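Protein chains in written order, with this note's numbering: chain U, 1 to 260; chain Y, 1001 to 1260.
Derived from the structure by calculation, the hints contain no laboratory data.
Worth double-checking, as some hints may not be accurate.
Calculated lysine-lysine pairs in the PhoX-like style (CA-CA distance at most 25 angstroms, straight line) [said to hold, decoys possible]:
#1 Y:K1243 x U:K8
#2 U:K161 x Y:K1008
#3 U:K161 x U:K243
#4 U:K45 x U:K102
#5 Y:K1105 x Y:K1045
#6 U:K226 x U:K161
#7 U:K102 x U:K8
#8 Y:K1161 x U:K8
#9 U:K243 x U:K226
#10 U:K192 x U:K102
#11 U:K105 x U:K45
#12 Y:K1008 x U:K243
Sample of chain Y residues lacking proximity to chain U, with all beta carbon distances greater than 10 angstroms (derived) [to be verified]:
#13 D1013
#14 V1016
#15 D1023
#16 D1026
#17 R1071
#18 A1076
#19 P1084
#20 Y1166
#21 H1228
#22 G1247
#23 Y1253
#24 G1256
These figures come from a predicted structure and were not determined experimentally.
We treat Cβ as the ideally placed atom computed from N, Cα and C, and that holds for glycine.
There are 2 protein chains.
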Amino acid sequence: MGGISGTKAEGADSIVVSGGYEDDEDSGDELIYTGAGGNDPDSGKQIADQTLDQPGNAGLATSQLEGLPVRVVRGANGDPSFSPTAGYRYDGLYRVADHWSKVGKSGHRIWRYKLVRLSPQEAAPYVPDVNLPPGEATPQTTSGVVTRIVRSTAVSQAVKKLYNDYCQVCDVQLEAPGGSLAEGAHIRALGKPHLGPDVSENVLCLCPNHHSLFDEGGIYLTDDFKVHDYRGQVVGPLYRHSKHAIGLEHMRYHRGLWGH
Amino acid sequence: MGGISGTKAEGADSIVVSGGYEDDEDSGDELIYTGAGGNDPDSGKQIADQTLDQPGNAGLATSQLEGLPVRVVRGANGDPSFSPTAGYRYDGLYRVADHWSKVGKSGHRIWRYKLVRLSPQEAAPYVPDVNLPPGEATPQTTSGVVTRIVRSTAVSQAVKKLYNDYCQVCDVQLEAPGGSLAEGAHIRALGKPHLGPDVSENVLCLCPNHHSLFDEGGIYLTDDFKVHDYRGQVVGPLYRHSKHAIGLEHMRYHRGLWGH
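Okay, chain U solo, but in the shape it has when bound (with noise of 0.2 angstroms):
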């Protein structure tokens, strides 16, 4: 019954949410989903492991990174607070804020997506703010969907301090006018549902691409604090300030979520 409309190429343009998948999880504006595949339609049991290469799969991951919103359907056979009795309803416009692997509940890894409902102004047609007249008193914000948002602590702006901002995968700084860019990594991302800590041996000192690269998955550690690209091949170390404890716990879990 395949609940995710969607391709690779042009992402996942919907989603029938109707609890046939026994991991997922309803919040109403939040959920966590589960891929397609592997799935005994009868007992709504995982008998095989989901792969990023099914088509549905790999279409919410690209709906994530091109920012592109996806249509939630929810069944009469959901979590009843925010299912409809019968039938089943269009809920609305949702983006995909991310998405990770897991061993499911029947021991085969499942993906996992999280969507979170995106607010009236995030849904509405991109509107320049070019078109509206000059010295409008409260213009339209912009809107588009945020594909990704940096976050400071006081704990990553010390990490970044430490390193004065030299990335811990490439070395490299990068230098503009007002001074250097990094951003702080957390391992074990904060929000839900991995509630990572806000604690330095959580938090690393990146570029933004390998910030990026991390987040998503296209590269991982080992616990010899090697640096390896999505295939397992060794890119190099992590470079590390003696001062700057790293938690193994941490990126054990973030090699977790990209199966490794």
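Position chain Y relative to chain U; hints supplied.
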């Protein structure tokens, strides 16, 4: 009288908005603020160029790059709509959203800063999700100051597709399990005060590093489509697809922001 309290290392902790600069533009929740230096206190006119080396100016740039909030104090001589009738008033926390330079009304280069009032959520001290009781119905969402937001538009998606996510500056394609990672970068920014158009002539396909550098003036483009670092050294050519016309006027606008 130096309206900015701060240093390059620590950022700016507060600014005073008191109508002392002819190029300031106050709209309450947003503020275009002129940097310090080169100002005649008697006339309020610029009599010399400002530089980013001045400690307050450098501090505001650091506040932006590090995501540090700035306290805004308004004085009685500022815009009457938003200023106290007498004396000075503490007016809350703002983030520095942007900085750039231009030749001001008096013919001298000034540095400008766009400040945006923090929402109560953003201004709250950072509370990691992990300290909240599990299952909290409406958990406090992550706070901390946003330092970088990348939005996706239909135009930027199309430009990225044309280049297959290869960066037009470094010709690198970042690979992750879910697909390749690139960003659509507006040459003349969309938001106020730049008001660039959302058209393909104004969009580049860049890796996150070169997008960050471009936005912060670390690189700029000359009319011969060469990429320069901010000291003026040629870094290399800008890779261009035959179907992608790039607007010289947008490139010129961008370089003007950084004094080139």
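Tested hints:
no.	hint	result
1	Y:K1243 x U:K8	holds (24 angstroms)
2	U:K161 x Y:K1008	holds (13 angstroms)
3	U:K161 x U:K243	holds (12 angstroms)
4	U:K45 x U:K102	holds (15 angstroms)
5	Y:K1105 x Y:K1045	holds (8 angstroms)
6	U:K226 x U:K161	holds (22 angstroms)
7	U:K102 x U:K8	holds (21 angstroms)
8	Y:K1161 x U:K8	holds (13 angstroms)
9	U:K243 x U:K226	holds (18 angstroms)
10	U:K192 x U:K102	holds (15 angstroms)
11	U:K105 x U:K45	holds (8 angstroms)
12	Y:K1008 x U:K243	holds (24 angstroms)
13	D1013	holds (14 angstroms)
14	V1016	holds (21 angstroms)
15	D1023	holds (17 angstroms)
16	D1026	holds (14 angstroms)
17	R1071	holds (17 angstroms)
18	A1076	holds (23 angstroms)
19	P1084	holds (22 angstroms)
20	Y1166	holds (13 angstroms)
21	H1228	holds (13 angstroms)
22	G1247	holds (13 angstroms)
23	Y1253	holds (13 angstroms)
24	G1256	holds (14 angstroms)
When each numbered hint is compared with the structure, no violation occurs for any of them.
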